[in-house]
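Using the sequences plus the hints, can you model the full thing?
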Amino acid sequence: MPAAESYPEELRYNQEHDWARIEGDEATLGITWWAQDSLGDLVHFEPPEDGADVTKGSSYGEVESVKAVSDLISPVSGTVLEVNAKVVAEPETVNEDPYGEGWLVRIRLADDSGADDLLDAAAYKAFVAEQ
Amino acid sequence: MQTLLRTPLYERHVALGARMVPFAGWEMPVQYEGVIPEHRAVREDCGVFDVSHMGRFEFEGPQVPAALQRLLSNDIDKVDVGGAQYTLLTNETGGIIDDLIVYRVEGGRFFLIVNAGNREADFEWIEERGHAGTDLRDKSDEFALLAVQGPRSIERLGLDDAPPFTFAMGEVAGIEVMVNRTGYTGEKGVELMVMAEDAVALWDAVVERGATPCGLGARDTLRLEVCYPLHGNDIGPDTDAISAGLGWVCALDTEFTGVEELRRIKEEGPERKLVAFVMQEPGIPRQGMAIAEGGEVTSGSHSPMLDRGIGMGYVAAEHTEPGTTLTIDVRGKPRRAETVKKPIYTKEA
Chain S
1 MPAAESYPEE LRYNQEHDWA RIEGDEATLG ITWWAQDSLG DLVHFEPPED
51 GADVTKGSSY GEVESVKAVS DLISPVSGTV LEVNAKVVAE PETVNEDPYG
101 EGWLVRIRLA DDSGADDLLD AAAYKAFVAE Q
Chain D
1 MQTLLRTPLY ERHVALGARM VPFAGWEMPV QYEGVIPEHR AVREDCGVFD
51 VSHMGRFEFE GPQVPAALQR LLSNDIDKVD VGGAQYTLLT NETGGIIDDL
101 IVYRVEGGRF FLIVNAGNRE ADFEWIEERG HAGTDLRDKS DEFALLAVQG
151 PRSIERLGLD DAPPFTFAMG EVAGIEVMVN RTGYTGEKGV ELMVMAEDAV
201 ALWDAVVERG ATPCGLGARD TLRLEVCYPL HGNDIGPDTD AISAGLGWVC
251 ALDTEFTGVE ELRRIKEEGP ERKLVAFVMQ EPGIPRQGMA IAEGGEVTSG
301 SHSPMLDRGI GMGYVAAEHT EPGTTLTIDV RGKPRRAETV KKPIYTKEA
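Chains as they are written, first to last, in the working numbering: chain S, 1 to 131; chain D, 1 to 349.
These aren't lab readings, by the way, just hints derived from the structure by calculation. Be a bit skeptical, because a hint or two may be false.
In the SDA-like style, the derived pairs of lysine to any residue whose C-alpha atoms are separated by at most 20 Å in a straight line are [as the list claims (entries may be wrong)]:
1) D/333 to S/49
2) D/333 to S/131
3) D/333 to S/59
4) D/333 to S/69
5) D/333 to S/4
6) S/86 to D/307
7) S/86 to D/282
8) D/333 to S/51
9) D/333 to S/62
10) D/333 to S/71
11) D/333 to S/53
12) D/333 to S/8
13) D/333 to S/88
14) D/333 to S/58
15) S/86 to D/281
16) D/333 to S/83
17) D/333 to S/70
18) D/188 to D/207
Bear in mind the structure is a predicted one, so any value in this text is a computation, not a measurement.
Have a look at this one:
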């Protein structure tokens, strides 16, 4: 079942349709409802390696639907702690639950993670409305 | 600024929530609910596609059979009235201007159904060769075309079974249609040609009978699983039929444009061939990706039935044996694939 459109208040967003859930010095990353809806049913997640450095504004992996491939643009900088193996095995999990079971990676935040200038839910929703 | 053409079913697609995309100058549905469920509907039950963007020519006159024999690769004499044939419009170098289906309506009257993107080029090519005693008309705008495909398609439409590559006039829900036993999915099914003004009523009746609306996305994955070539991807004016594995639609004992070149390629053996492959590692092959053993991917996607990446591409003749390992450059990452015998997907017996 595809998820209903939503943009949780507790998350932070970038304009490339990626979200970050920031908890202390760690963050969980994923793609937004809008991103998964635009792509359609996901069939492949190309994850970064454990321990890889991810840089705010740069690609840390790819997600693919039948028709399209999309770079994952990290909203923050840090080091990969864990890749969501469930999404690697069952990429459609992202369509079903983009903010829950469909998270993509967990990272340890760098000192200058760039988390401060991300969009809040209201700002991201306004951005999506213009797309 | 280019104005996109719309089929008579445009409003229906929008009302069904389809995602509309530009395709060969037309604004067409790429998907409704999603490529994967639409693909599965066709493999397991029945789906309906609006393929009204395709070109439809009527070619009539006493000299038409002789003209078609000169223009097309296959042997037109093998097509009886009520019969259809897959064939190629070839150029002087044996390249493929288009792949199409001819339908013989009467002894000297034929319908040609051609690719949307080649409609004008095909028409000009045929016209320029000016065949006395023939009359070529582009009837595309007068008709709509619905492909109804899947194991339950005939039953859902209330039609009788008939052999593939035949056609007859018939009725669906009281609407007069030309029922063509042809398709592009590898499944049993029909393509219904209907007067443009009846298209909406026919679409509604077919959907009412349980056909799942399907977009161009599923059409592409379905045809790729059964290795039907897509003109513009896998075949084109610079690729020849022998290398593309389409020697079976070339009657090399007849005289048609480019036949000498095709005879030579067949005799010498093609340097490269269009092969089908299945990914053995994660990653989805896409058109234009390099194959390390030499060659490139011409079509690639995710196979909903195999749940992995599949594709076709040209490789040197020595790499074409089924079971040969190929290495696909998936955006800088080498990923292993294995060549397979076509088609990639066959229904379990």
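Verification of the hints:
1. Simply put, residue 333 of chain D and residue 49 of chain S have alpha-carbon atoms about 13 Å apart, close enough for the 20 Å limit, and the pair holds.
2. The straight-line distance between the Cα atoms of residue 333 of chain D and residue 131 of chain S is roughly 32 Å, outside the 20 Å bound, and the hint therefore fails.
3. For the hint linking residue 333 of chain D to residue 59 of chain S, the alpha-carbon distance of about 15 Å falls within 20 Å, and the restraint holds.
4. For the suggested pair residue 333 of chain D and residue 69 of chain S, the alpha carbons sit about 14 Å apart, so the restraint of at most 20 Å is met.
5. Restraint check: the Cα-Cα separation between residue 333 of chain D and residue 4 of chain S comes to about 35 Å, which exceeds 20 Å; the hinted pair is violated.
6. At most 20 Å may separate the alpha-carbon atoms for a hinted pair to count; residue 86 of chain S and residue 307 of chain D meet this at roughly 16 Å.
7. Proximity of residue 86 of chain S to residue 282 of chain D is assessed by CA-CA distance (about 15 Å); at most 20 Å being required, the pair is judged to hold.
8. Distance restraint check for residue 333 of chain D and residue 51 of chain S: the Cα-Cα separation of roughly 19 Å lies within the 20 Å cut-off, and the hinted pair is therefore satisfied.
9. Simply put, residue 333 of chain D and residue 62 of chain S have alpha-carbon atoms about 12 Å apart, close enough for the 20 Å limit, and the pair holds.
10. Between residue 333 of chain D and residue 71 of chain S, the direct Cα distance comes to roughly 14 Å. Compliance with the 20 Å bound is thereby established for this hinted pair.
11. For the hint pairing residue 333 of chain D with residue 53 of chain S, the CA-to-CA distance comes to about 18 Å; that is within 20 Å, so the pair holds.
12. Simply put, residue 333 of chain D and residue 8 of chain S have alpha-carbon atoms about 35 Å apart, too far for the 20 Å limit, and the pair is violated.
13. Only pairs whose Cα atoms come within 20 Å are accepted, and residue 333 of chain D paired with residue 88 of chain S is accepted, the gap being roughly 17 Å.
14. For the hint linking residue 333 of chain D to residue 58 of chain S, the alpha-carbon distance of about 18 Å falls within 20 Å, and the restraint holds.
15. Taking the CA atoms of residue 86 of chain S and residue 281 of chain D, the gap is about 17 Å. The hint holds against a cut of 20 Å.
16. In summary, the hint linking residue 333 of chain D to residue 83 of chain S is supported, as the alpha carbons are separated by about 19 Å, within the 20 Å threshold.
17. Taking the CA atoms of residue 333 of chain D and residue 70 of chain S, the gap is near 16 Å; set against the 20 Å cutoff, the hint holds.
18. Between residue 188 of chain D and residue 207 of chain D, the direct Cα distance comes to roughly 17 Å. Compliance with the 20 Å bound is thereby established for this hinted pair.
In this structure, the earlier hints numbered 2, 5, 12 are contradicted, and the remaining ones agree with it.
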